Amino acid sequence: LVAVTVNNASANFVALLNASPISSSTLPGRFSFNQQSNYWSVAGLRPPSGADFDLTLYSDPSLSTQLASSSLTSGVDFVVGDHNFSPLGLYYLKVVQYSGSGVYTVEWEDGPDMLTVPGTIGPISWGSTTVAKVWDVQLAAGVSHTFTLTMSSGTANVGIALFRPSGAAYYAGKSAAVASADANGSGQGESFSYTASTSGYHGFVVWSNNAASASFTIRVQ
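Quick note, in my numbering, the sequence shown goes up one by one and the last residue is 229.
It should be emphasised that the hints constitute simulated quantities derived from the structure, not laboratory data. These numbers were taken from a predicted model, which means no experiment stands behind them. Backbone N, C-alpha and C fix where the C-beta goes; we use that ideal spot for every residue, glycine too. Don't take each hint at face value.
Claimed, not checked - Derived CB-CB ranges, DEER-like: (1) S32 with G175: 32 to 40 Å; (2) V151 with T81: 30 to 38 Å; (3) G175 with S107: 31 to 39 Å.
Can you build the whole structure from these sequences, using the hints too?
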């Protein structure tokens, strides 16, 4: 964990490493990551219990060019980028407090991970500090598929979501998902069906609303 000074003299950014969650109470929180894989990426924020914190993605260290944001009232917020088209390189995150206080957790995950269609992967081991993870999944327009996360063990309260490609550089917040499921509680699975409107590599995200571990499989059929 290293705070690095970037081109904005008034702001230091904590550099995130792939799949390495960081917990902090600093507000506003400023983080950076260096995307080097041509896959979907996700950056997630799990707020303190009962709090509402928001997450914004920027392309520049002065935080003047916003790419995407997630500001839902409860649970995990996250932003995604489709780096099959979006540029590689440095990106910047800002965490702000809307209500509540305490320690939050931020994580960036960059792939390269793939789901097979049809197929099943797992069991996947999910750590208690893990916030979010993303997989690329190639879908064909007009074809319907069911995505199912089945719990093997543990008490993580997971949600799942799917994002579609635009054919160009694309970034989005959690609410832009074309399909999602987050209805069940701790230790329970989730499922949804989706008919693709466009062909290409979609982004499939799993997140955990609580700091708990689990083991699960993901099936696409």
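Consistency of the hints with the structure:
1. A hinted range of 32 to 40 Å for the beta carbons of S32 and G175 is consistent with their spacing of about 36 Å.
2. Distance hint check for V151 and T81: the Cβ-Cβ separation is about 34 Å, which falls inside the suggested range of 30 to 38 Å.
3. At about 38 Å, the beta-carbon gap between G175 and S107 stays in the expected band of 31 to 39 Å.
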